[in-house]
Structure formats: C-alpha cells, structure tokens
Amino acid sequence: MTTEAMATLCLSGGLMDKLEAIARAGFDGVEIFVDDLWSSGLSPRAVGDRCRELGLTVVALQPFRDVEALPPELHRKRLDEAKRHFDTLAELGGDFLLACSNTREEAAHDHGRAAETLHELAEVAAAGEMRIGFEALAWGRHLFDYRDAWKIVRQTDHPALSIVLDSYHILARELELETLGTIPGDRIGLVQLADSPWPRGQDLQALSRHRRAFPGDGELPIGAFMTALERTGYSGPLSLEIFSDRLDVMPTGMAALQGKQALESLRSPKG
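Following the working numbering, the residues of the sequence shown are numbered contiguously, the last one being 517.
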C-alpha cells in the first residue's frame, strides 16, 4: 500500500500541532520541513519519537538546497552541511533527504559536473545508510526540467540517488509527460503533489510560494500527471507539498483533513 504523506509546511501552527493534525487526518507519512524543525526548539529525536507515537513515517527531510555543480570549495561546504542533515535524519528516524537543483550564480551549466557532485553527495548518503532524492526546481538556474534531472540521475548511476517528481514543477512549466512515464518506478524516490492556478506568465517561484493548492483545487492537469506516473510502476510515498497563503491562516486540523480528502479523491477510480 502506498504511503500517503503531507509536508509540515502545508499547515499553520507549531510542529507538534502539525504532526498531530496530519496523523488525525489519516496520513501515515510526513515530510519534515527543516524550518519547522529548527523553529520548534525541539530536538530531532523528540520529533522523531512523536512521529512514531502517532504512527507517522518520516518519508523525507527537506529541503537541502543548491546541491549540484558548484565550484570545489563551495561543494565541500555543501557536503559538510549534508552530513549534518543526515545526522538530523538519523535522529528523526528517517533516511531520505530531498535535494533541490541549484539557483546560485556559481553553479556551472555542466551536466558532467552536476553528475560528479551528486555522486559525491550520494556517497556521503550511502556511508550513513541514507538516501538522497534530486528535484529540478521550476526556477533552477540551469536545471529546471525533470527530464534533465533524470538524465543526470542516470549518469550519476548511484543506488543512493533517485529522482523526486513534483507535479507543480513539471506542470507549471507545461513539460511533456511521455518521458515521465518511461522512468522506472524504483528510480523515483518521492512524488510530491500540488495544484495551482494556471501560471499565465506569472513568476513561477512566487506562484509556488503563495498560491499552490490541493490536487483538484487548481487548474493544472494533475490527472494527466497521475496517469503518466502510473506507467512507471512507482509504489513509493505520495506526499502533498502545498505552499499557500490561504492554508497559512486556516485551522491546522481543517487543512490536514482537506488535504487528505483531496488526495483520496485524486486516487479514487473514476466511475
């Protein structure tokens, strides 16, 4: 059975309130947003213990930004930071770190360098029995297309590295989905779901940060995304990742329940 998860960033309130609302809504997994963790003042171990008490699997810690194709000195700093993130993951009881494509000017437009740096990151992950997933941000400096991210994951060819597919980053850019359907399901580490209004020339980062919506509450072709995903044979977690000014002011429990209903509706067979 596929794990249904929600990222803590979707909800208002404190971290413990968010975890309890996610569990009460019927989710069995959670993505821990780094900002939520640090602002809580709680230890990762305490948060992990609470997740287990609530029956929640920590499916990911996120985000780990600007990971690929940096110059050597900056890359070494990112590797050191990654080690600290993996230590945090171990305390949480999880094993998957979500890494986002680079937005920094220093990043090289070089797929070979991207694969080299991701391989080194995957080696750090594997040394701690951890995994890393690579996601192409729609506003990435050089990598903003899931097809390029998939090429680099294949080129890297490391068992600790997989691709992360986010419906918003793919659909808001109006990218074709035929390629998505050809990715082997066991090379996909995590699938994140979010809808939004149709971009219509809007800034994709601003739209993503403020106006994402639960699946079915926006204008993106989420159904087509799910159809393509089904062809991959993916059986891993489906997680809602909704940045939304509206959810920021909605009662925590209500928002979690609406998210679960949206996910259930998306996954229900159409009669």
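Possibly wrong hints are sitting among the right ones.
Unchecked claim - Ranges between beta-carbon positions, derived for each pair:
1) 374 / 433: 37 to 45 Å
2) 300 / 513: 18 to 26 Å
3) 350 / 456: 19 to 27 Å
4) 372 / 350: 36 to 44 Å
5) 292 / 327: 31 to 39 Å
Think of the hints as simulated: they come from the structure by calculation, not from any bench. Since the structure is predicted, the reported quantities are computational estimates derived from the model, not experimental observations. Ideal placement from N, C-alpha and C gives every residue a C-beta, glycine not left out.
Taking the hints in turn, this is what the structure says about them:
1. Taking 37 to 45 Å as the suggested C-beta distance range, the pair residue 374 and residue 433 does not conform, at roughly 21 Å.
2. In this structure the supplied range 18 to 26 Å holds for residue 300 paired with residue 513, their Cβ-Cβ distance being about 22 Å.
3. As the Cβ distance of residue 350 to residue 456 is approximately 23 Å, the hint placing it in 19 to 27 Å holds.
4. A beta carbon spacing of about 25 Å between residue 372 and residue 350 contradicts the range 36 to 44 Å that was offered as a hint.
5. Separation of residue 292 from residue 327 is about 22 Å and departs from the stated range, judged on CB atoms against 31 to 39 Å.
Consistency note: the structure conflicts with the earlier hints numbered 1, 4, 5.
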